[in-house]
Amino acid sequence: MLKFLPLGIFLLLAVLLALPLLQGKDPSFIASPMIGRQAPASPKIPRGQPALVNVFASWCVSCREEQAILKDIAKEESIAVYGLDYKDTPPALKKFLSATGNPFRDVTPDEDGRMGIDWGITGVPETFVVDKDGVIRYKYAGPITQDVADTILHPMLAELKQ
Amino acid sequence: MITEAGHFALILALIVSLVQATAGKNTALAPRAGVWLFALLSVSFLSLLHAYAVSDFSVWNVVSNSHTMMPLVYKIAATWGNHEGSMLLWVWMLSAWGFFAARAKNITPEFRARALSFQGMIAFGFISFILFTSNPFLRLDPPAAEGLGLNPILQDPALALHPPLLYAGYVGFSVAFCFAMAAMLENKVDAAWAARLRPWVLAAWIALTAGITGGSFWAYYELGWGGFWFWDPVENASLMPWLAGTALLHSIAVLEKRGTLKAWTVFLSVLAFSFSLLGTFLVRSGILTSVHTFATDPARGIFILVLLTIAIGGAFLLYALRAPAIKSGAGFKVLSRETALLLNNVFLFTFCVTVFMGTLYPVFMNALDLGSVSVGPPYYRAVLLPMLIPFALLMGAAPYMAWQRGDAATVAKKLVIPFLLTLLILIPLPSHHPVALLGFALGGWIVWATLGDFARKMKSNMALSYYGMIVAHLGFAFLIMGVAAATQWGSEKILWMNPGDRVEVAGHTLAFLGAETGLGPGYNADIGVFGVKDGKKEFFMAPEKRWYPVAQKETSEVALHLDGFSLLYLVMGEQDKEHPQRRVVRVYHHPFVAWIFGGGFLMWFGGLLSFIDRRRKRHA
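Quick mapping for you: the protein sequence lines, in order, are chains A and D. Just so you know, the first sequence maps onto residues 19 to 180 in this note's numbering. Just so you know, the second sequence maps onto residues 115 to 734 in this note's numbering.
Same shape as in the complex, but just chain A (with noise of 0.2 Å):
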């Protein structure tokens, strides 16, 4: 029996290994300690509704492909986004605004980089869902899809508006 026990060790190994992988749990799938604490004090997001934390810089590529998106959900969810901009420049932030169209409410300079440790980030860009209390509820690493936007965005502020 004994010679069977590195089979069996390894086979328990991989069935631990594929459940993040089978869930569909990407690497971002290890939660940011993040959730469920209340937002750092800057951005300032006013209390009473849920908001979006969009932390983005001019220099990153990816972020400007859900600016757009950002804006739509904004509208349609009537919420305010607010922008945290990471490691950027004034000038290279305003010529970033004029071309993707401003979807925020209001943008916070991050120059070097310090409330974006606050946050925890990990990259950019990073969506923040906050609530009406002000407490993190959720975090997407990466850029916001129409896809993301549907299926995970719209559904949980629209439980958070009630």
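These are calculated hints, taken from the structure and not from any lab test. Backbone N, C-alpha and C fix where the C-beta goes; we use that ideal spot for every residue, glycine too. Treat the hints with care, since some could be wrong.
[Stated by the list, open to error] Sample of chain D residues at the chain A side, in silico, Cβ under 8 Å:
1) T423
2) A439
3) V477
4) P544
5) A577
[Claimed, not checked] Calculated lysine-lysine pairs in the DSSO-like style (CA-CA distance at most 30 Å, straight line):
6) K157/A - K179/A
7) K21/A - K691/D
8) K93/A - K62/A
9) K691/D - K527/D
10) K139/D - K105/A
11) K139/D - K21/A
12) K21/A - K607/D
13) K62/A - K219/D
14) K139/D - K112/A
15) K21/A - K89/A
16) K371/D - K105/A
17) K62/A - K667/D
18) K105/A - K691/D
19) K667/D - K113/A
20) K691/D - K113/A
21) K89/A - K667/D
22) K112/A - K691/D
23) K150/A - K105/A
24) K21/A - K371/D
25) K62/A - K157/A
26) K157/A - K667/D
Let chain A serve as the given structure and place chain D on it in line with the hints.
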């Protein structure tokens, strides 16, 4: 055109690998297929390398990972600085090992065909993986005008060499794996098999040792965090096969000399390569997020996991069925070389399991929805440090023990002088930091005991492999001492500095003279100029902060000053927004840190000495 040739060669290689995989009983076809596989994959790999060298931006892979502004050496290194290219390098190296196995003289044709067919199976799996999920030859139409650039952190000479060496080591263990599989099928696990296996394991071990040491050195001076090992999952992924391979080298010695530990040696042969595969999976699937992961894609993860399950699961199944039939030779006395080597294996295996648990625990917790945790250096320190004590004591004493029988009194008598010398070196050392003292006690013990054994035997015309062992053991001793000193006695200061400010670190006075801007290939630099006085000498140090506009990334170039074995390590960080002259400065002083990398080098060199031991080869 050349790119198409490479793509076509890869498709042909898939077919040839299938032929090789099924030629387990055809003693003429299997080696021929092995040679062809190597030739085809060489064409394929070189054509990708060519696309990178000439910056062919009609190849999607080149666009994503290269840029015309990069120096040629990094353009070439960019070939394996990405997921697709690194997988192609992986199978190419696999086929290179297969090529050498196909040409090896000292194995029987039947054994060769069997072993090569297992190699063919692995190659078939991984070539399919490349072609179906990670094809580096996909075209971009119309071609891009410019590439996106290689991650600047990866633009470093050490990193141009690190992945190829690491991969050579990883896949080198595939030969041990295939030899073990073939031996189990033939039911012939004996001393002669061990002797044939040994050079292959050694060669892979040498490459892996060089790869790990180089990678650690790279992390030390490029990442600018002032550390040489971070227990990062990907680092651990290379450490596990190394530990299993080191255990294997020692168990082979027992099997070769005494014909015992047969099933265990077979098990380790399978295990070392299993850890290589697991490492490939961990890095390539993105299941662990880490600085090393280039690309993450669940589909790739599942593909590799299936390959892994077939290869490792199949091997362990064969092991379960055949191992009971593998009879080991005579037993041995408690105090003998065999016992010492067996204990060495127990320890190395335990180290390996410790690293394994620490690496995968967060993944398992997450898979079972038990929350997310991270395992850090405190875990490794707490678990590994106590085990290191008996391990190091044994390492010093083992060469004194005779095969088969041992006499405690004789061994103890010979070890008195090394023991006293060890105590002697502890006297001048500072007495605070007990862990550092422990490190020096253990390292010193290994050094004196090893040198003592060398003095005892050097007249008796020992084989080169014996000197290899001596050098490698000394390397490990210096590694322990270097780690102990650098982590325990090191000092560190982080502060804001204006031009003209001074700071005192470990007897050195550093004055910040100011920052200048500079321009290099593909980057702008902010160069800090520091004047340093250490009592006797005065010198300048110039750390840099580099900005790569193409990749929009920043790297730090550490300034290093080696003084004896101690290192002054200077990093210049952010500029103050309000005071543009002001910079964040980090200064580390790491005593004996050169012994860490020197120790790694000695282990590598020791392996090399053993490998080129002609006498042993003739003997086998």
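Each hint tested on the structure:
no. : hint            : in the structure
1   : T423            : holds, 5 Å
2   : A439            : violated, 10 Å
3   : V477            : holds, 7 Å
4   : P544            : violated, 36 Å
5   : A577            : violated, 34 Å
6   : K157/A - K179/A : holds, 17 Å
7   : K21/A - K691/D  : violated, 65 Å
8   : K93/A - K62/A   : holds, 20 Å
9   : K691/D - K527/D : violated, 67 Å
10  : K139/D - K105/A : violated, 62 Å
11  : K139/D - K21/A  : holds, 27 Å
12  : K21/A - K607/D  : violated, 54 Å
13  : K62/A - K219/D  : violated, 73 Å
14  : K139/D - K112/A : violated, 70 Å
15  : K21/A - K89/A   : violated, 61 Å
16  : K371/D - K105/A : violated, 63 Å
17  : K62/A - K667/D  : holds, 28 Å
18  : K105/A - K691/D : holds, 12 Å
19  : K667/D - K113/A : holds, 20 Å
20  : K691/D - K113/A : holds, 22 Å
21  : K89/A - K667/D  : holds, 28 Å
22  : K112/A - K691/D : holds, 20 Å
23  : K150/A - K105/A : holds, 28 Å
24  : K21/A - K371/D  : holds, 25 Å
25  : K62/A - K157/A  : holds, 18 Å
26  : K157/A - K667/D : holds, 24 Å
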